[in-house]
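So the protein sequences, as listed, match chains A and B. Following the UniProt record's numbering, the numbering of the first sequence begins with 1 at its first residue and continues without gaps. Following the UniProt record's numbering, the numbering of the second sequence begins with 1 at its first residue and continues without gaps.
To be clear, the hints were calculated from the coordinates, so they are not data collected in a lab. This structure is a prediction, so every number in the text was calculated from the model and none was measured. Cβ coordinates follow ideal geometry from the N, Cα and C atoms, glycine included. One or more hints might be untrue.
What the hints assert, rightly or not - Which chain B residues stay away from chain A? Per the calculated CB distances, all over 12 Å, these:
1) 177
2) 199
3) 209
4) 212
5) 215
6) 229
What the hints assert, rightly or not - Cβ-Cβ distance ranges computed for the label pairs, FRET-style:
7) B:218 / A:386: 37 to 43 Å
8) A:443 / B:226: 29 to 35 Å
9) A:311 / B:109: 35 to 41 Å
10) B:150 / A:443: 28 to 34 Å
11) A:148 / B:229: 45 to 51 Å
12) A:179 / B:223: 57 to 63 Å
13) A:362 / B:226: 49 to 55 Å
14) A:189 / B:229: 54 to 60 Å
15) B:217 / A:178: 58 to 64 Å
16) B:187 / A:433: 46 to 52 Å
17) B:150 / A:189: 56 to 62 Å
18) A:248 / B:175: 51 to 57 Å
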Amino acid sequence: MATTVTLKSFTGLRQSSTEQTNFVSHVPSSLSLPQRRSSLRVTASRATPKLSNRKLRVAVIGGGPAGGAAAETLAQGGIETILIERKMDNCKPCGGAIPLCMVGEFNLPLDIIDRRVTKMKMISPSNIAVDIGRTLKEHEYIGMVRREVLDAYLRERAEKSGATVINGLFLKMDHPENWDSPYTLHYTEYDGKTGATGTKKTMEVDAVIGADGANSRVAKSIDAGDYDYAIAFQERIRIPDEKMTYYEDLAEMYVGDDVSPDFYGWVFPKCDHVAVGTGTVTHKGDIKKFQLATRNRAKDKILGGKIIRVEAHPIPEHPRPRRLSKRVALVGDAAGYVTKCSGEGIYFAAKSGRMCAEAIVEGSQNGKKMIDEGDLRKYLEKWDKTYLPTYRVLDVLQKVFYRSNPAREAFVEMCADEYVQKMTFDSYLYKRVAPGSPLEDIKLAVNTIGSLVRANALRREIEKLSV
Amino acid sequence: MALFSPPISSSSLQNPNFIPKFSFSLLSSNRFSLLSVTRASSDSGSTSPTAAVSVEAPEPVEVIVKEPPQSTPAVKKEETATAKNVAVEGEEMKTTESVIKFQDARWINGTWDLKQFEKDGKTDWDSVIVAEAKRRKWLEENPETTSNDEPVLFDTSIIPWWAWIKRYHLPEAELLNGRAAMIGFFMAYFVDSLTGVGLVDQMGNFFCKTLLFVAVAGVLFIRKNEDVDKLKNLFDETTLYDKQWQAAWKNDDDESLGSKKK
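Required output: the full structure, derived from the provided sequences and hints.
Here's what the structure looks like:
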């Protein structure tokens, strides 16, 4: 890393030359990439020339939280930014929960948040209900937003910072022949009239950020590979007012084999209705059955409700094998940055969009120089370093507690513990895996093992009864 | 269970007087003799009890649960037979209801009333465990709606740790220790007969001590044939997520870790 910096400043001293510098240096990969990698990869890190007559042009494909945040940071950094979004009023099917830190980090106005959830109920397969949220302080909450409102707000802010927002559908891209040739994007531009087929256009850009979600076309065009994904199925139900007061600031999570074999069913309050849904990775064909079971478990509380909308969407389970290629990087759902166990994606999408944009701004020195793959790799490094522990912890939780009904019973029992609640909310709301006191941790470990042992013992008893 | 009931029902139709002898000669357990005696006494030629028995034989749990007045607090296998017969009529009535919720005389206000589980002045934890297992089994097969008026509050940690160990771990520990002792004795004898090294000298040898350690660890983790595969799968599972994340840093010609079919 140090050598590339000195190389760049060296070219800065020379008078700006538009000709290609043949000054190519092979930087040993071990200097610029994390030590834990097993293979030695030699990346040719060229000293990139200054762009003499123009700013760096970057296209952001997809205008959700990831795209909006990326476009805003790029535009603020002095880069010519184009944001391409296919549906400006898209209501992405989504739980819609954002952690507290997102409001602060992204300066979200409080009127975007429809509801502040301060209580959660976890319900086990045998309907043991546990209330969590007692440890939350006055100002702490989980924000529930409408995706169409949040996405539109972030796009507007990007536009105000100087990005050009285009309503269009990205089709494909032509890869550059040389290391500094531009990418040619083929897209269909809609001119604002609904129902019109739109006009095919092309655009030349220096770099691309793929923020186009779980079915990313950008990912396909760079051969990023596939990931396992879950199907999240959700019904929006408008329930009578007196039942709605119960969900005023409370969200519910149902676990059980009837509701989902590897995920959970939920009832999340939205602006004036509730969203009842469930998801699964392994039994996608049975999703309707799981949805019926979820509705059955919440039946008393949503009785008399009318279904106003049914929606479904894939949720990635792990990152794609390749998250970047030359000057194209993936962020958000397109990269697969959804946590396990909770299925949270909005915050990570926005944060990764911002981080990638920051890496581009830094690598191009505010748009004055061309970037290369090394600059984008810095974004990957930073991302992995900051958030891999969080992802790992949630993965372990999913593997341990979502395996079977006894494990889920133990999970709900554990959630009754105050220390667990405090740690869970701290790590969710502020996105830091905070170290608690070691004594409490040991007590927690002992209690977890106890709960798991008891739940499994009860399962053996159940099996004995069925014989 | 189901194997035995059909022959009884067919024979009872033919020759009511023959039943007691038939049952005593074929079946030794108290349970079935009780069953046949009660049926002989209520033998009025009606087919409903006999037909219902073959229906309810595979589902003894639900019947007991539905008839709280008849079941005694300490649920013993012998008493379930009498409860079953009386419960037969109850089951047929209840099938007309649309939703059957879990009910039990001892399940009050969303938790088990421990006072009803007392035996000789102390709580009989074994029956609490069995009752909770039955409730969970019932709910697994018939998921119920949660309700704010009747929240479920039971927490298994009220059952003391020694009750769990006594019920589940001690029998298995006894089994494993017994097996280990038998194998150990014969291995020691075998090695002694081959090499002439006595038991005390065997323990002093480093190689033997290592073998002992491996044997103990093996018995702890691998108790059935399936455990070997289970442990291997567990190891693969723990490392898979990490591999998926590190895939971005690997060379292009390495195998793709995306979309692994689990």
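Could you see if the CB distance from residue 248 (chain A) to residue 175 (chain B) stays within 51 to 57 Å? For residue 248 (chain A) and residue 175 (chain B) the Cβ distance comes to about 55 Å; the hint holds.
Whether the CB-CB distance between residue 187 (chain B) and residue 433 (chain A) falls inside 46 to 52 Å: 48 Å, holds
May I ask you to test the hint 28 to 34 Å on the CB atoms belonging to residue 150 (chain B) and residue 443 (chain A)? The hint (28 to 34 Å, Cβ to Cβ) holds, given that residue 150 (chain B) and residue 443 (chain A) are roughly 32 Å apart.
Is it true that the C-beta distance of residue 148 (chain A) to residue 229 (chain B) lies inside 45 to 51 Å, as the hint says? 48 Å, holds
Taking the shortest Cβ-to-Cβ distance between residue 209 (chain B) and chain A, state whether it exceeds 12 Å. 29 Å, holds
Should the label of residue 215 (chain B) as a non-interface residue stand, given a Cβ cut-off of 12 Å to chain A? 25 Å, holds
Using the Cβ atoms, figure out if residue 311 (chain A) sits within 35 to 41 Å of residue 109 (chain B). This hint holds: roughly 39 Å between Cβ atoms.
Is the hinted range of 54 to 60 Å satisfied by the C-beta distance from residue 189 (chain A) to residue 229 (chain B)? 56 Å, holds
That 29 to 35 Å hint for residue 443 (chain A) and residue 226 (chain B) (C-beta), does it hold up? Holds: the Cβ-Cβ distance is about 33 Å, inside 29 to 35 Å.
Range hint 58 to 64 Å: satisfied by the CB atoms of residue 217 (chain B) and residue 178 (chain A)? The hint (58 to 64 Å, Cβ to Cβ) holds, given that residue 217 (chain B) and residue 178 (chain A) are roughly 60 Å apart.
Does residue 212 (chain B) really sit off the interface, with its C-beta more than 12 Å from all C-beta atoms of chain A? With a cut-off of 12 Å, residue 212 (chain B) remains clear of chain A, as the shortest Cβ separation is near 27 Å.
So does residue 218 (chain B) sit 37 to 43 Å from residue 386 (chain A), Cβ to Cβ? Holds, since residue 218 (chain B) and residue 386 (chain A) (Cβ atoms, about 42 Å apart) stay within the stated range.
Violated hints are absent here; each numbered hint is respected by the structure.
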